[in-house]
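Student: Build out the structure end to end from the sequences listed, making use of the hints.
Protein chains in written order, with the numbering used here: chain E, 1 to 763; chain A, 1001 to 1232; chain Y, 2001 to 2081; chain W, 3001 to 3081.
Everything labelled a hint here was simulated from the structure, so no lab data went into it. Where is the CB? At the ideal position from N, CA and C, for every residue including glycine. Accuracy of the hints is not assured; some may be wrong.
Stated by the list, open to error - Quick list of the computed label-pair ranges, beta carbon to beta carbon:
#, chain 1, residue 1, chain 2, residue 2, range
1, E, Val347, Y, Ser2048, 39 to 45 Å
2, E, Pro452, Y, Gly2023, 40 to 46 Å
3, Y, Leu2080, W, Asp3031, 50 to 56 Å
4, E, Lys65, A, Ser1208, 43 to 49 Å
5, E, Gly329, Y, Ser2048, 52 to 58 Å
Stated by the list, open to error - To spell it out: a stretch of chain A is covered by chain E in this simulated footprint if at least three of its residues, at any positions, have a beta carbon under 8 Å from a beta carbon of chain E; those stretches are:
#, region
6, 1013-1022
7, 1083-1091
8, 1197-1210
9, 1223-1231
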Amino acid sequence: MSTIAPRPGDPEINDALVREHGLSDDEYASVLRILGREPTYTELGVFSVMWSEHCSYKTSRIHLKTFPTDGPRVLQGPGENAGVIGIGDGLGICFKMESHNHPSFIEPYQGAATGVGGILRDVFTMNARPIALLNSLRFGRPEHPKTRHLVEGVVAGIAGYGNCMGVPTVGGEVAFHGCYDGNNLVNAMCVGVVEEDRIFRGIAAGPGNPVLYVGSRTGRDGIHGATMASDSFVEGEEGNRPTVQVGDPYTEKLLLEACLELMKEDSVVAIQDMGAAGLTSSSVEMAGRGGTGLRLHVDRIPRREDGMTPYECLLSESQERMLIVAAKGREDDVRQIFTKWDLEAVVVGTVTDDGMWTIVEDGVEVASIPVGPLTDEAPEYDRPRAEPADLAARQAQPELPAVGDCNEVLLQLLASPTIADKRWVWRQYDHMVRLNTLVRPGAADAAVLRVPDTEKAIAVSADCNQIHVKADPYEGAQGVIAEAARNVACVGAEPIAVTDCLNFGNPERPEVMWEFERAVTGLGDGLRALGVPVVSGNVSLYNETDATSIHPTPTIGMVGLLESRDDAVGMGLPADGGELVLLGSPRPSLGASAYAIVCHGVEQGAPPKVHWNEEKALLAVLHEGIRRRFIRAAHDAADGGLAVALAEMAITGGRNPDVGPGQGCEVNLAANPDPIARELSLFGETQGCAWAVVPTSHLADLLALSQELGCMARHCGRIGGDRIVVTDAHQTRAIDLSLAEARAAWEGGFCASVGLPQPPVRD
Amino acid sequence: MKFGIVTYPGSNCDHDAYHVVKHVLGCDATFLWHKDRDLQDVDCIILPGGFSYGDYLRCGAIARFSPITEEVARFAQHGGYVLGICNGFQVLTEAGLLPGVLRTNSQLKFICEDASLVVANGHTPWTVLCPETVVAPIAHHGGCYYADEETLGRLEGERQVVFRYAQRDGTETDEANPNGSLNNIAGITNARGNVLGMMPHPERNAESELGDASGAWIFRSIIHSFLEGTRA
Amino acid sequence: MKLRVHVTPRRGVLDPQGAAVKGGLTNLGFDGIGEVRVGKVIDLTLASTVDAEAALALGRDMARKLLANETVEDFEVEVLG
Amino acid sequence: MKLRVHVTPRRGVLDPQGAAVKGGLTNLGFDGIGEVRVGKVIDLTLASTVDAEAALALGRDMARKLLANETVEDFEVEVLG
Ligand SMILES: Nc1ncnc2c1ncn2[C@@H]1O[C@H](COP(=O)(O)OP(=O)(O)O)[C@@H](O)[C@H]1O
Ligand SMILES: [Mg+2]
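Tutor: Rendered as structure tokens:
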């Protein structure tokens, strides 16, 4: 092993400095063993970020290995910048979800914006053209003093970045809960289309090939962002954070176009974006995948500021930058394209065959680390797990008195911010640019996009019910999968693959680790039952403030396929009427339900369980029924149960939300008229159920199809009038509410709760 | 008829405009690069939506100095048809090809939704075939039209206001005005009528899959006007 | 040589951003706030060693051509030294 | 009493707007332009008749609470008289 003299001006390596870099004694011992000497300051920084939770997945890796990741459609599974699932016609859908939780809490606008920027780069580095963005957001209680500011900033940041990029933001979810008061969650998902034989990967191959740096200059932004994402918050310490990264979507748009243009040619060997831990992780990962080495001249890195040290350049998280390995002799071809797009492209190093990651500053080596050990010998932990002491209490079925007035319950639920209309949010997102959005946000359970140059369409949805997951991580996680699958099935698609973003608390707490393991197992078992693989994902741990961890929040991004885009349906009740059929067997539960929380202030009870045979039969009926035109609109029962789902369909009307004032309906739920039993069937939450709208002429067809596919189906009523009416087994009207009143509650609930001015209601 | 669609750095509706004129309406179409000066013999130029130069400083402010914009101005002065959509409209006002200015929306937020427009002047080359109302989505942060009183008076007097925000049934109301534009203005032409700027995106509602397709009438109108003109 | 250019909404032209800031401040409990106007400030470093007079002229030229839209904005140029 | 608050991007923080303006000016033929930073200027009229010292303190308080985002921005307050 070569010795490297300490760089003048760098701090001396000592125990305190090692600890500040978040390396444990054992980890530091590995560093010493790998290097055969003491690390330089630069090297210490590199180990620190590469072995951070965020980059190394040291805590989660052993659990993630249990996910199903294979399948006949999988073109690229986890491990690359993003996953790819084949949809035929020589095309793949490339997608991934990622968290930007901590940065968005410190600086909501920039944190959320750069989160979107990062996930876009992950997708277009694979040579996929991004066609859609989604986001899953979790905020604290609406009345918490910080919430409004965070909501406004995060939504504006997502809008600011995505809109400028010209990628439509078509879906997502927003939920509120006190457990996020000190740790909001911002999960962003990007979906792109790639030609299946033109998928680019980040594999640094071919010793002698030049390495180019392209995009924005490097500043001192977010140094140690990766380690920050691997640490908990202490209230009041937000001031001591590193320089926040500021996004420049304009530069990223140029980078997107330049990279896609570049990848049409054969001058590029590999490409990788600089995300967390910037230049370090991108270059180390590329060399690691290629089994090669890299020699980088840090003095050639374009910089925004004077006097930056190698340590700062390597660890900076400045945005809108890429690292490219070009074919030898093709540097000028690469440069030419970037110059066309007004971007810098600079040769900063070469691929080597010595397996070493070597950094040179003005001719002097300042770091030299064997790539293999740096990546392969990253720590891996099987952290202790323990069932939470309060688990039984969490799951105890609550004794709830009946509210009695079901109209009132329905209005309260519709107006609760987690259920209420999110138009204030998605109205700020350009959700139509690129002309692919067939079913818009607010119009259905999933957005539907046409796949350019084909007859196909894809459906995308982001989901998690963290109340259910908290109550029972295993069952709750299965429910997340089931709901995501139902959401894409309700627009006519077949679920084909997922990405995930696992947001959890402090993994050093055995109860959190237990939740993590149970949730991951639940997700995996659910996906296996469905036959749907995970192709990409992300883990965000240490979402904890002042020793309080968030609810386990494993968000799922589901992609479904429609062979014919003409099949897509929405959830609104059509103006020209039809029958209402309840598909599936309700097994309603008031435990862990929105009803219990909103109407009784009780968060307790076991979540509804998934019965996969029934769930799959439901998905099949939805998919087939829509394809055969028996079903003209559908919506699954989720938060708030069957009554809320029905009301949402009535309020929405039409195929897209701007069309029509809604439609009334009258259904009979055959509910036991006893008050609490009645509330249970109306508002209890269940898996495996959806409302379907069927033209009268196809009612018999749908019932027959359901029977054939083994799914319960019950004709409950029909569309008509301007009221939402639900009768019970005695034909008594349990709910009888004017559409206008329901609509006002649902449309106004979000802004009223968070304290925002409501956008004008259009005709 | 051949359309040219300008690509500025940061344009992002250029492909949408191209798709509609080429694939939906079957015309010839080509992209015009901002650094070029060659207009490639096009008959109508579209300045598309997006965020030219990031919309930094002011929307459309920096794009007006691109070489291509100078050529577009010359083309317009000779009576060539120019359509600025959204960011393209902003560029046209900044470049002085259309009067007034587009300011930040009165609610200070980006808005994306369908807008119903009443056709205020059906006798322009852009509207001859249009029905009384069309639907075209808006997607902008700075679409609040403003001009001083004298300019506004002239625009109204000369019937240069072509589209106004309205209710679905065509009535102009304050509630239908999404961004605070004076006189509910959504689109105007220059005095000669060959240059149209509008904030709503007709290209987003030109196919029945995406809406009622009424936005296509604006493109059909200009194709019709062009063919009439060449025939005359 | 450093120049500072202020670009402010013209008198008489509605300034919704100013109104929003005023509303925000009032909500926060700041009383007695009259008019609020929000504009831009552009700080430029000039590499060239021109005199103050020439720098001012240059700044005005930049403001007129690019930095301000005189339909709705006024500007002032100042040499910061 | 009039207050002027300047809110500018913090040193070291990326200022894409400044970079775009610099590019625009350069395209326009203005040579030798070094760094350009774009910030906001907020002019406030205070109804109350406080002294300059108190007004400054008030302005700083407003800047801290609303006008500036200190994670990425710096501010300066000035009494215009
Ligand atoms: N953050 C968001 N971004 C974009 N669209 C959103 C967002 N949140 C909700 N939506 C849209 O609003 C609609 C309703 O969302 P949600 O209440 O979560 O539906 P569901 O309970 O059926 O999953 C969906 O179309 C969804 O995509
Ligand atoms: Mg749903």
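Student: For each hint, tell me whether it holds in the structure or not.
Tutor: Tested hints:
{"no.": "1", "hint": "E/Val347 <-> Y/Ser2048: 39 to 45 Å", "verdict": "32 Å, violated"}
{"no.": "2", "hint": "E/Pro452 <-> Y/Gly2023: 40 to 46 Å", "verdict": "44 Å, holds"}
{"no.": "3", "hint": "Y/Leu2080 <-> W/Asp3031: 50 to 56 Å", "verdict": "20 Å, violated"}
{"no.": "4", "hint": "E/Lys65 <-> A/Ser1208: 43 to 49 Å", "verdict": "48 Å, holds"}
{"no.": "5", "hint": "E/Gly329 <-> Y/Ser2048: 52 to 58 Å", "verdict": "41 Å, violated"}
{"no.": "6", "hint": "1013-1022", "verdict": "holds (count 5)"}
{"no.": "7", "hint": "1083-1091", "verdict": "violated (count 0)"}
{"no.": "8", "hint": "1197-1210", "verdict": "holds (count 6)"}
{"no.": "9", "hint": "1223-1231", "verdict": "violated (count 0)"}
The structure fails hints 1, 3, 5, 7 and 9 (numbered hints given earlier, in ascending order).
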